[in-house]
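Q: Chains as they are written, first to last, in our numbering: chain A, 62 to 1040; chain B, 5 to 115.
To be clear, the hints were calculated from the coordinates, so they are not data collected in a lab.
There could be a bad hint or two in this list.
[Stated by the list, open to error] Label-pair distances were calculated between CB atoms; the ranges are:
| hint | chain 1 | residue 1 | chain 2 | residue 2 | range |
| --- | --- | --- | --- | --- | --- |
| 1 | A | Glu627 | B | Gly106 | 44 to 52 Å |
| 2 | B | Glu114 | A | Arg844 | 42 to 50 Å |
| 3 | B | Gly106 | A | His688 | 22 to 30 Å |
| 4 | B | Glu114 | A | Pro882 | 34 to 42 Å |
| 5 | A | Ala89 | B | Gly106 | 57 to 65 Å |
| 6 | B | Gly106 | A | Phe692 | 17 to 25 Å |
| 7 | B | Glu114 | A | Thr660 | 47 to 55 Å |
| 8 | B | Glu114 | A | Gln638 | 44 to 52 Å |
In this text, a Cβ means the ideal position worked out from N, Cα and C, and glycines have one as well.
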Amino acid sequence: MTSSVLLTLVVLLPFLASLVAAVLPSNARNAEAWLAGTVAVVGLAVMVWLYPQIANGGVVRHEIEWIPSLGLNLIIRMDGFAWLFGVLVTGVGFLVVLYARYYMSPKDPVPRFFAFFLAFMGSMLGLVLSGNIIQMVIFWELTSVTSFLLIGYWFHLAQARDGARMALTVTGLGGLGLLIGMMIVGHIVGSYDLDVVLASGDAIRESGLYLPALLLVLLGALTKSAQFPFHFWLPHAMSAPTPVSAYLHSATMVKAGVFLLVRFWPVMAGTDAWFWIVTFAGLATLIFGAYAAIFQTDLKGLLAYSTISHLGLITTLLGMSSPLATVAAIFHIANHATFKASLFMAAGIIDHETGTRDIRRLSGLFKFMPFTATLAMVASAAMAGVPLLNGFLSKEMFFAETALRDANPFVNFALPVGATLASMFAVVYSLRFVHGVFFGPPPEGLTKVPHEPPALMRRPIEILVLLCLLVGIIPGITIAPYLAAAVVSVTGPETPYYSLSVWHGFNFALAMSGVALVGGVLLYWALYGYLNKGIEGPPVIRRLQGKRIFERIMLTITSKWARRLESLLGTRRLQPQLFLLFFLAVAAAFAVLAGRLGTVDLSLAGFDPAFALIWAVGVVCAVGAAHQAKFHRLFSLVLLGGTGIVTCITFVWLSAPDLAITQLLVEIVTTVLILLGLRWLPKRVQGMNDEALIQRAFIRRYRDLALAGIAGLGMAVVAYAVMTRQIPDGISRFFVENAYSLGGGTNVVNVMLVDFRAFDTLGEITVLGIVALTVFAVLRRFRPAADSIEKPEQQKIQNAFDERVAERNPGDTVNEYLMIPAVIMQWMFPVIIVLSLHLFLRGHDQPGGGFAAGIVMSIGFILQYMAGGTRWVEERLRILPVKWIGTGLLTALLVGVVAQLLGYPFMTTGFQYAEIPFIGKVPMASALIFDLGVFGLVVGATVLILIALAHQSVRSPKVARRPVVKVPEVAPDAPVETR
Amino acid sequence: MEIILAIAIGVLCSCGVFLMLRPRTFQVIIGLSLLSYAVNLFIFAMGRLTVGGVPVISHGDIDPSHYADPVPQALVLTAIVIGFAMTALFLVVLLAARGLTGTDHVDGRER
Chain A
62 MTSSVLLTLV VLLPFLASLV AAVLPSNARN AEAWLAGTVA VVGLAVMVWL YPQIANGGVV
122 RHEIEWIPSL GLNLIIRMDG FAWLFGVLVT GVGFLVVLYA RYYMSPKDPV PRFFAFFLAF
182 MGSMLGLVLS GNIIQMVIFW ELTSVTSFLL IGYWFHLAQA RDGARMALTV TGLGGLGLLI
242 GMMIVGHIVG SYDLDVVLAS GDAIRESGLY LPALLLVLLG ALTKSAQFPF HFWLPHAMSA
302 PTPVSAYLHS ATMVKAGVFL LVRFWPVMAG TDAWFWIVTF AGLATLIFGA YAAIFQTDLK
362 GLLAYSTISH LGLITTLLGM SSPLATVAAI FHIANHATFK ASLFMAAGII DHETGTRDIR
422 RLSGLFKFMP FTATLAMVAS AAMAGVPLLN GFLSKEMFFA ETALRDANPF VNFALPVGAT
482 LASMFAVVYS LRFVHGVFFG PPPEGLTKVP HEPPALMRRP IEILVLLCLL VGIIPGITIA
542 PYLAAAVVSV TGPETPYYSL SVWHGFNFAL AMSGVALVGG VLLYWALYGY LNKGIEGPPV
602 IRRLQGKRIF ERIMLTITSK WARRLESLLG TRRLQPQLFL LFFLAVAAAF AVLAGRLGTV
662 DLSLAGFDPA FALIWAVGVV CAVGAAHQAK FHRLFSLVLL GGTGIVTCIT FVWLSAPDLA
722 ITQLLVEIVT TVLILLGLRW LPKRVQGMND EALIQRAFIR RYRDLALAGI AGLGMAVVAY
782 AVMTRQIPDG ISRFFVENAY SLGGGTNVVN VMLVDFRAFD TLGEITVLGI VALTVFAVLR
842 RFRPAADSIE KPEQQKIQNA FDERVAERNP GDTVNEYLMI PAVIMQWMFP VIIVLSLHLF
902 LRGHDQPGGG FAAGIVMSIG FILQYMAGGT RWVEERLRIL PVKWIGTGLL TALLVGVVAQ
962 LLGYPFMTTG FQYAEIPFIG KVPMASALIF DLGVFGLVVG ATVLILIALA HQSVRSPKVA
1022 RRPVVKVPEV APDAPVETR
Chain B
5 MEIILAIAIG VLCSCGVFLM LRPRTFQVII GLSLLSYAVN LFIFAMGRLT VGGVPVISHG
65 DIDPSHYADP VPQALVLTAI VIGFAMTALF LVVLLAARGL TGTDHVDGRE R
């Protein structure tokens, strides 16, 4: 296995392990920890093993084709800098796993924790090892999402949910900016390959798109690294479990931002825009974070602001654009990761063993946990920049860099003074952490007696603190070669000389350090009284809460503006929306077709007066239906049916018998359906007396009429233009020529539906089935309007008549109303079934088919309902429409699946001539079975829709007591008995 | 023939569009049906008009010009079915809306 493939597996492994971790039992703390720890150690081992390959500016690269047409390939790429990050991610990851094993309570669902943790580790590795900048953004977003899940791990706490959401919103926004920024960079360079991008620094800096690209990339980096003004999410992310904080806010998540800055430093730094934005965002964060950290009462809050401040330091260094500053930045990234991770873990131990993280309640813990206290003190000293510790070295380099600037007077003054001030603050908050927690009188009012944690829980801190010491005392042996490898990969071969020795002699930087240390101690002494009062939040800027501003902005954008925009652009009224749609459709058609229709040949060739007469009727029916839809619904429905019949005759006339049959049958069912619905519609609202409303309705009516007229005219012109042109040779020839030889049927349309285009038909009947079930479901909850619950007026008049006449019972008239047609309908039942079977069987060769047969069958059923009434039918005949639908659909599917099982594509039909005794040669097409499925589904769907609607009359309480139609009770000797 | 059918399609379409822009649900459902006729006839007409064509293949006669174009027919057949399903669904939705809101106005409330 080549080393590059191995590296790819290192990125994949955490994701796979994450899936495994997710399915382990919820109490498998040890198994989870072993799994995650092994993954981290394997990653670390691969990093260590690959070190020789990248030691001298080498690059390990593995490319996997992804979308080569877009120039997008998955590239895993590791150079010295990525290696440093890889080691931090896996190494600190391993220590955090070990720590988390003891930190997490048995009550916490650990599979979720470790699954998210591993996924986060994988995303972070993917990010630092990306050799493609789009791929980098994808992993970047993955770290946002997985960190969101980790921060919100204790989702029963509102704080955790809010913190997680805020972190996601802010870093997600940055991620979006980054994506666009990367696309701009890719556009400038002409490639998304990181190596190509890194080689095109001049092209990027000189491009006109440099500034937008820079701003967007910086938006991503500064949000992720919690730089001012986006710093506010980080303290709220502290509601995460401490191992998460230790991992995310020391070595990984927030370092992704500075990682990005370093990564793009060679190609983007060096301009004025970069210098001013990055340096001063960093400096502001550095001072603000350190200042705010002093006044935190929560240990983790203190560490969070300290993290913000240290990230500010790194950002400031990167902003200065000098190679030496970048060396210091990379060095500080590693140093900060070690001491901050150990401090977070120490804070977690204190929380774990005392039950609180509040500095005001903690004191004198040194007596109870001397080991932990010593470790935390060393780490704090590193954080404060005390000599002989790693923090001191990188801080000295920082001081040296700030002191060396001599660009303009403001910079010359602001940088060194700001750096010294922030460093002073760092001494203060480090002192507060150490002095406040470990010294003073023993703590009071704690829920438990503090003691040392399990040895293994302390082990990660010991390792990290040891590293702080080793790097701080003998940097030349411990860190120098690795740092050199990382630096070379960023600043290139002409990296200037830098020295990592502890003692550089008396110089300006040492003086600044001295001022910061002494000043810090004095300031702590001066502030001691104030701090002991335990006032939450930093003075002066206490009221400036990022969280509140964030929430106000979110409220404005997602609620106020959204609502205003909706009221400005949207309407809840249907008519304007439909008008707009039709208007746009007409306008679009006009735009496309105007001037392209050519000459339209207006000839009356083949004019058939009979056809014209039929359509004269059809047109009158249509206009009548349109006019009467408002005044007389039944009349309108009858006229609509007239147009339907004319349409049907047209199909017959124009040699399309299948269409004619289907149109006629659907016409019948639709009419019955709407008739059933009429009963539940209200009377027309009459007598609008508002003069203005009448005026407006009048205008709208004529406006709509104009649009409708134009639409109709357009349709007519287009239809005519097409019809008078020669038909191009399309796919129809294929179907006609092959219907018999390939499909085994002579009815081309049917063969197309059940064979050539059977997949479409399957979709179509599925839709029909879904509609039927939806209709059924909607009607189950149907509540008629108050004025529809009573009996219809006509029925009331009839019943009143029955009551007036002595020898009649109420309901007689209703029952006798359709007596003779009802008898005929009942007699027709078997005839209709035979017709249905006939249509079904002849379908493949003659006009007909499963669909027509299914509708005929359902008409047979519905006629029985009309003749005998709902109850009468259901006492005698149990139709289970839902079963018909299910069976039909499954049968149709079966045909397709069987074909697939036999090795043909889905829905392939076969046919064969079978020799049947006495009957002779009969074509047996598997399409017939498919058609059977269609038949079953259509019967079920149509019957279900109609019956569901018909049942409403029975359900309605008042009507239910006296069924509308009761033929058998009134006329016991009616012909229905013959069946 | 063509001119008659074109005019018919135009009128049906006009009636349908006009009705769909009206405020009462029943007008809309009638409009939808009329528009369906227009569209179905339009699609069918795209295969050109064949008067007196042979309905089914007979005696190995596989010259497409002897038949009405089967492709638009198959499409229209599907359209008729889906049109029916749409009408049914729309009908119950309008009935349920009428039951819930007490009005048959398309907006669910009288102006």
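Q: Could you run down the list of hints and mark each one as holding or not?
A: Outcome of the hint check:
1. A/Glu627 to B/Gly106: 44 to 52 Å: violated, 26 Å
2. B/Glu114 to A/Arg844: 42 to 50 Å: violated, 19 Å
3. B/Gly106 to A/His688: 22 to 30 Å: holds, 26 Å
4. B/Glu114 to A/Pro882: 34 to 42 Å: Between B/Glu114 and A/Pro882, where Cβ atoms are some 39 Å apart, the hint holds.
5. A/Ala89 to B/Gly106: 57 to 65 Å: Distance hint for A/Ala89, B/Gly106 holds at roughly 59 Å.
6. B/Gly106 to A/Phe692: 17 to 25 Å: Check passed, 21 Å falls within 17 to 25 Å.
7. B/Glu114 to A/Thr660: 47 to 55 Å: holds, 51 Å
8. B/Glu114 to A/Gln638: 44 to 52 Å: violated, 18 Å
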